[in-house]
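Colleague: Residue strings, one per chain:
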Amino acid sequence: MYQALLTRRYLTRRIMPLLSALAVCLSTAMVLTTWSVMGGFLQVLLDSGKTFVGDVKIHQPSRGMQHYDKLIESLEADPQVARATPVVETFGVLSLPGDVTKPIQVLGIEPESYNAVTGYYDTLHWRALEKPSKHDPDQTDPRLHPPTPENQDRADRLELTWPKILENGMNLRRIDPRTLEHVPAMVPGIEVSGHVNQRQPGGWYLPQPLVDNPVDIFDWYTMPSHPRAKITLRVLPLTDSGHAVEMASRIMPVANEFRTGNYVFDNNLTIVPLALLQDMMHMDAAERVIGRGGIEIDPQTGKERIVPPRTVVEPARVNTVLVSAAPGVAVNDLRDRVQEIYDAFAIENRMPDASVQTWEQINAGFIGAVKKEIALVLVLFTFISITAVFLVLSIFWSMVNEKTRDIGILRSLGASRAGIAWLWLRYGLVIGLVGSALGGLLSYVIVRNINPIHEWLGSAFNVVVWDPKVYYFTEIPNKVDPTTMMIVLAGGVLASALGALVPSLRAAFMDPVRALRYE
Amino acid sequence: MTAPILQAKNVHKTYRLGRVDVPVLHDASMQVHPGEWVAILGASGSGKSTLMHLLGGLDRPDPKKGSVVYEGRDLAQMSARELDQYRASAVGFVFQSYHLLPELNVLENVLSGAMVRYGRFGYAARKSTLRSRGEGLLDAMGLAHRLGHRPVELSGGERQRVAIARSLINEPAVLLADEPTGNLDQKTGDAILDAVEKLRDRGGEDAAKQTIVMVTHSREVAKRADRLVELVDGRVRSGSEAAGVS
Ligand SMILES: Nc1ncnc2c1ncn2[C@@H]1O[C@H](COP(=O)(O)OP(=O)(O)OP(=O)(O)O)[C@@H](O)[C@H]1O
Ligand SMILES: [Mg+2]
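Quick mapping for you: the protein sequence lines, in order, are chains A and C. Residue numbering for the first sequence follows this note's numbering, beginning at 5 and increasing consecutively. Residue numbering for the second sequence follows this note's numbering, beginning at 1119 and increasing consecutively.
Bound conformation, chain A alone:
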């Protein structure tokens, strides 16, 4: 009873406890904010690990897989498999307008099945946007307006309308302005062009005119028609034995751009039609010479004769097949099943072994590193937060000192040691509760608004803490997980109780007579 009354009075009549509550508040806010942002970061990273991979990936980098259509057929016949899609993965070089050359990862895909496995269509950036985002009150996002407002006729003819741009992105094709026929086109990541798409702080992109006198701002999409705006893809086909043959090169239009939110993909990857990349990589179905011709002696007649070179028609190849799991199937189970199916297929078709990995296995090294990094940061911040424990401890220690006489008085009134200990412990708990609650609130406000805060820091002080080139993501995660919050807040209360424990024990074991004589 007296504890409650005194706690209340000690709290409201003194500045010290407010200071310790503030220390607890700041510590919990710091740990919770870090954990939320880093945890969110890990989550986005995990999610993006699945981007463009599906659940399980079969990869045969050297010779690739012939008869992959048969493999896909038997995969899709399995109830654990939802869909499977053939992909050619390779590296290439992209020559962009303005003499920019950059190395790039190239994916050759079959859009429909690729979308079914990876959700590719959802990543296409250029499409009509119904409502502006709340960060965009001025409606500067170009997707809110028709791409070519002045010239509807030209827009229709060249399919420069949002529905057509989206559809062409889905199908990896574009209208050739000269012939008005569809030609194969690429869909690069939205950061690939670098300076061409300017990312706005609110999260959308503003295309910049590429040429001096653009017909419209979307000349990026009409580049092949422009003499100075060309995009060239070069890849290096390899022979069976891994030797490079002549470099293959294509000038291609851009159909659309994809945006995954993961900077690694958005900056380093471009997507092209599977058939086109197979062709460039010499992985298409073709008649190939496999034996040298020459002159030999006929064993029967003993005369020389000419032997023509032996040729076979080799079926098309891919080096990757991506598989998605049927609903409710765990990725590891799927992986085992896919391995079985591939092994059977490989024996039947005399194929080399391939690696069969889940998306988690593919990213294991990366994810593990990030998890370790988060753990490290949390440990560091927890150490820093232990400061709060010592702060509470020293503040309580001096308050117990200051209140020594009160302790003696209470003991003379019949208060027990336990009662005195509880008085101080309770006091610490209340301070912990108040501090943690405020810290939780503070952290929630910070995390929810971390992107605007970051922008403001950038514009006000020219500070860029979250560089997407370093952190892979264009947005800072801003979710507070309730479980994380509970853990951190409970930790704050516990820390204050711990800090109050030693002083409260000291108070409890004080000699009442000495306490009363204390000046």
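Hints may be right or wrong, so weigh each one.
What the hints assert, rightly or not - Looking from chain C toward chain A, a few residues come up when the C-beta cut is under 8 Å (computed): (1) Phe-1211; (2) Gly-1231; (3) Val-1234.
Unchecked claim - Computed from the model, here is a short list of chain A residues facing chain C with C-beta under 8 Å: (4) Tyr-6; (5) Leu-9; (6) Leu-10; (7) Arg-13; (8) Tyr-14; (9) Arg-409; (10) Ile-413; (11) Leu-417; (12) Gly-418; (13) Ala-419; (14) Ser-420; (15) Pro-516; (16) Val-517; (17) Leu-520.
Just so you know, the hints here were simulated from the structure itself, not pulled from any lab data. Quick reminder that beta carbons are idealized off the backbone N, C-alpha and C, glycines included.
Got chain A; can you put chain C with the ligands on it based on the hints?
Modeller: The following block gives chain C with the ligands in isolation, referenced to the frame of chain A:
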């Protein structure tokens, strides 16, 4: 003659200062009978406060060297819990320098003794009774109009009146006062002692009066007591009885 309610039997008390033993009480004995007002007289440093702390169960005599007995029970035999209960209900302390809790107001200070004694639920159950008793005591001490004031807003005499009201809130069998007027001028001190005497006489019959043990170094103050006990060299030199009780 009635049996003593509280007595010290041949108690010794030695403080250790570093390696030196400082003997303060040496074979001190005294008795307090129900309804009696006993004054303990002695020079400064003679061990008066020490003896009072022993009587009140705030401190213990040297082990196996004497005992303090309340109603036939040796305090040394009591558990910590029983000793807490003893301090809460059997005795009430008044100190020379008032010792009020600065964060609480006058009435809360008086009631704090009851809060400690009864705990949260016991106190809540008796709240209105205790409140009116506290207000009655403060009224008797002439402080009815200062209930909501905090100790810093009171004069020394007023503070001591609050402390006396607090010591009586749990109706203790024995009031232990350690130089209650030591910090006050004579007029204020006399007024307070008058008030104490008035409160004590409410009990009526001699044996039903409030029992008081009061430490003082003033012979003048000691005259108010029924009996005088003098501390010299850590021993009680008893006998110089003032009035004719016992
Ligand atoms: N905790 C302690 N440690 C060592 N010595 C102590 C301690 N407490 C009291 N003393 C000593 O015991 C002796 C008696 O102290 P006590 O306070 O009982 O005297 P007193 O008679 O009440 O004196 P006063 O009239 O000045 O209040 C003193 O000499 C004092 O120095
Ligand atoms: Mg004294």
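Colleague: Now tell me, hint by hint, if it's right for this structure.
Modeller: So, going through the hints one by one against the coordinates:
1. Phe-1211: OK, holds: C/Phe-1211 within 8 Å of chain A, min 5 Å.
2. Gly-1231: holds (5 Å)
3. Val-1234: At about 5 Å, which falls below the 8 Å cut-off, the nearest Cβ of chain A leaves the hint on C/Val-1234 intact, so it holds.
4. Tyr-6: holds (4 Å)
5. Leu-9: holds (7 Å)
6. Leu-10: holds (7 Å)
7. Arg-13: Nearest chain C Cβ about 4 Å off; hint holds.
8. Tyr-14: At about 6 Å, which falls below the 8 Å cut-off, the nearest Cβ of chain C leaves the hint on A/Tyr-14 intact, so it holds.
9. Arg-409: holds (7 Å)
10. Ile-413: holds (5 Å)
11. Leu-417: Hint on A/Leu-417: holds, closest Cβ of chain C at ~5 Å, below 8 Å.
12. Gly-418: holds (2 Å)
13. Ala-419: This interface hint holds because 5 Å falls under the 8 Å limit.
14. Ser-420: Because about 5 Å separates A/Ser-420 from the closest Cβ in chain C, which is inside the 8 Å limit, the hint holds.
15. Pro-516: This hint holds: A/Pro-516 lies near chain C, its Cβ roughly 5 Å from the closest one there, short of 8 Å.
16. Val-517: This hint holds: A/Val-517 lies near chain C, its Cβ roughly 5 Å from the closest one there, short of 8 Å.
17. Leu-520: For A/Leu-520, the interface hint holds, since the closest Cβ of chain C sits about 7 Å away, which is under 8 Å.
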